[in-house]
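Visitor: Model the full structure from these sequences, guided by the hints.
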Amino acid sequence: MHEHDYISILCRTCGSEDGKDGNNVNPIRHVINIQSFSRDEIDRILDRAAELEPIAHGGASDILSGRILATLFYEPSTRTRLSFDVAMKRLGGDVIDFGPTEGSSVAKGENLADTISVMNGYADAIVLRHPREGAARMASEFSSVPVINAGDGAGQHPTQTLLDLYTIRKESKLNKVKIALVGDLKYGRTVHSLAHALSMYNAEIYLVAPDQLRMPDSMKSDLIDKGIKITETADPDDVVGVVDVLYITRIQKERFPDPSEYQTVAGSYKITEETLKNAKDDLIIMHPLPRVGEIDPEVDKSRHAVYFKQSFYGVPVRMAILSMVMG
Amino acid sequence: MKQETPPESRELRVRRIRNGTVIDHIAAGQALNVLRILGITDRSAEVVSVVMNVSDRKKDIVKIEDRELNPGEVDEIALISPDAIINIIRDYNVVEKHKVILPAEIEGVVRCINPNCITNTDEPVKPRFVIHRGDGVELHCVYCGRIIADRIADFLI
Numbered sequence: 001m002h003e004h005d006y007i008s009i010l011c012r013t014c015g016s017e018d019g020k021d022g023n024n025v026n027p028i029r030h031v032i033n034i035q036s037f038s039r040d041e042i043d044r045i046l047d048r049a050a051e052l053e054p055i056a057h058g059g060a061s062d063i064l065s066g067r068i069l070a071t072l073f074y075e076p077s078t079r080t081r082l083s084f085d086v087a088m089k090r091l092g093g094d095v096i097d098f099g100p101t102e103g104s105s106v107a108k109g110e111n112l113a114d115t116i117s118v119m120n121g122y123a124d125a126i127v128l129r130h131p132r133e134g135a136a137r138m139a140s141e142f143s144s145v146p147v148i149n150a151g152d153g154a155g156q157h158p159t160q161t162l163l164d165l166y167t168i169r170k171e172s173k174l175n176k177v178k179i180a181l182v183g184d185l186k187y188g189r190t191v192h193s194l195a196h197a198l199s200m201y202n203a204e205i206y207l208v209a210p211d212q213l214r215m216p217d218s219m220k221s222d223l224i225d226k227g228i229k230i231t232e233t234a235d236p237d238d239v240v241g242v243v244d245v246l247y248i249t250r251i252q253k254e255r256f257p258d259p260s261e262y263q264t265v266a267g268s269y270k271i272t273e274e275t276l277k278n279a280k281d282d283l284i285i286m287h288p289l290p291r292v293g294e295i296d297p298e299v300d301k302s303r304h305a306v307y308f309k310q311s312f313y314g315v316p317v318r319m320a321i322l323s324m325v326m327g
Numbered sequence: 001m002k003q004e005t006p007p008e009s010r011e012l013r014v015r016r017i018r019n020g021t022v023i024d025h026i027a028a029g030q031a032l033n034v035l036r037i038l039g040i041t042d043r044s045a046e047v048v049s050v051v052m053n054v055s056d057r058k059k060d061i062v063k064i065e066d067r068e069l070n071p072g073e074v075d076e077i078a079l080i081s082p083d084a085i086i087n088i089i090r091d092y093n094v095v096e097k098h099k100v101i102l103p104a105e106i107e108g109v110v111r112c113i114n115p116n117c118i119t120n121t122d123e124p125v126k127p128r129f130v131i132h133r134g135d136g137v138e139l140h141c142v143y144c145g146r147i148i149a150d151r152i153a154d155f156l157i
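Line by line, the protein sequences give chains A and B.
Heads up: the first sequence at position 293 corresponds to 293 in our numbering, and the numbers run straight through without jumps.
Heads up: the second sequence at position 25 corresponds to 25 in our numbering, and the numbers run straight through without jumps.
Any given hint could turn out to be false.
[Unchecked claim] With the Cβ distance kept under 10 Å, some of the chain B side facing chain A (calculated, not the full set):
1) Thr119
2) Thr121
3) Glu123
4) Tyr143
5) Cys144
6) Gly145
7) Ile147
8) Asp150
[Unchecked claim] Capping the alpha-carbon separation at 25 Å, the derived lysine to any residue pairs in SDA-like fashion look like this:
9) A:Lys226 x B:Arg146
10) A:Lys226 x B:Gly136
11) A:Lys226 x B:Arg133
12) A:Lys220 x B:Val137
13) B:Lys126 x A:Gly109
14) A:Lys253 x B:Arg146
15) A:Lys226 x B:Ala149
[Said to hold, decoys possible] Quick list of the computed label-pair ranges, beta carbon to beta carbon:
16) A:Gly103 x B:His132: 41 to 47 Å
17) B:Gly136 x A:Lys253: 55 to 61 Å
18) B:His132 x A:Lys176: 28 to 34 Å
19) B:Asp154 x A:Val292: 37 to 43 Å
20) B:Asp154 x A:Lys173: 45 to 51 Å
21) A:Glu298 x B:Ile131: 48 to 54 Å
If you're looking for bench data, these hints aren't it; they were derived computationally from the structure.
Since the model is a prediction, treat every value here as computed from it, not as a measurement.
A virtual CB, placed ideally from N, CA and C, is assigned to each residue, including glycine.
Guide: Okay, here's the thing in structure tokens:
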């Protein structure tokens, strides 16, 4: 088992085969959570993504030629899985995927630690999505190749946060952005990670959620302690004329411990053309997708809608991450 | 005229031990949890004495005979009883005396409060927490990030 004191894309924690040597000759670089990134590190990733974006638009590169990425998805995913796949292939690398867990060794009862150890023999890096919080961190401790967290339960999804930041930087402004986080602020992992990351950019954050789905107090306190100005409301109409970014999230039925709690909040907000009547000209609307009714399809054609671009930006951002962990 | 001490005050509830460790000033009611932390069970070989609610329910005491506990073994007691004092006894004399010190990190002592944490599965990983000390003691799960701030004793393994 490898002991890593500090997990981050830029860390150089483990240079030896047994993971105990501090000489850091051949480092393993894991991407586990956004909290372990400094602002400088994030900026470097976003800069790298900008350099690689032309290739993401249809070009090709041999930066990762001869390298193999293993994608292990224990939970359903479309965008994350495919964008990692595309990112790797655009950079000249190859991808292996163990497919649905029902058809893999997982169905026979193999634990995650063993699966990771096996994959170490096959791949140069591992992308992992798992239903348990902390799974990626544990996987990194058993891995001799970089582990990239593609979502661990209701926990972390750092590459989503990085592509969100890239989108904001590209389509609006990142420093001192006024952003409204709308929807499930209680269970939504994307907004938790994004709020943390935005605190490094002196953002002004508006929290828009029904009472039952308000952001946990501990998280709000953390943001306030970092000097972030927070305003809370339940109605998107209150903020649409003020903010630069409207970040909408889906209310994730699968994260509710009590299904009846979900029923009380399902469909409690919807962004329509009417909502945007008083929007600032340069407002952008983001959504991590998939959406299930939070944004009316008629909004798609408005100049404010950038959520499909945002989804595309997942490719250059993941190209940047892959090139940095394997390059 | 000299006053007689009542006989019951002169009796020791538990006899002095010749060699071993006495853990004094344990928070009242926590002695059995101290034994859990130390991994002492009914199958352990040591002779162990437990005195609870001493001095008007102010403290508990645990005496372990013929075993000297080192700081690494006892510091986790600070999680539930930060004022506990460790006394090492040799030939009836106290040869070492020190307060438990809260460690920076603990492993395998407390389970995570989050039922969906990877440490609450069959994976070969022990729950590990970084300890933060503010107004009270907080345990931050290294894996899922959840925080245990109250009733830590309820989560002892």
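Visitor: With reference to the structure, classify each hint as holding or not holding.
Guide: Verification of the supplied hints:
| no. | hint | result |
| --- | --- | --- |
| 1 | Thr119 | holds (7 Å) |
| 2 | Thr121 | holds (6 Å) |
| 3 | Glu123 | holds (5 Å) |
| 4 | Tyr143 | holds (3 Å) |
| 5 | Cys144 | holds (4 Å) |
| 6 | Gly145 | holds (7 Å) |
| 7 | Ile147 | holds (7 Å) |
| 8 | Asp150 | violated (13 Å) |
| 9 | A:Lys226 x B:Arg146 | holds (20 Å) |
| 10 | A:Lys226 x B:Gly136 | holds (21 Å) |
| 11 | A:Lys226 x B:Arg133 | holds (19 Å) |
| 12 | A:Lys220 x B:Val137 | holds (20 Å) |
| 13 | B:Lys126 x A:Gly109 | holds (20 Å) |
| 14 | A:Lys253 x B:Arg146 | holds (21 Å) |
| 15 | A:Lys226 x B:Ala149 | holds (21 Å) |
| 16 | A:Gly103 x B:His132: 41 to 47 Å | holds (43 Å) |
| 17 | B:Gly136 x A:Lys253: 55 to 61 Å | violated (36 Å) |
| 18 | B:His132 x A:Lys176: 28 to 34 Å | holds (30 Å) |
| 19 | B:Asp154 x A:Val292: 37 to 43 Å | holds (38 Å) |
| 20 | B:Asp154 x A:Lys173: 45 to 51 Å | holds (47 Å) |
| 21 | A:Glu298 x B:Ile131: 48 to 54 Å | holds (53 Å) |
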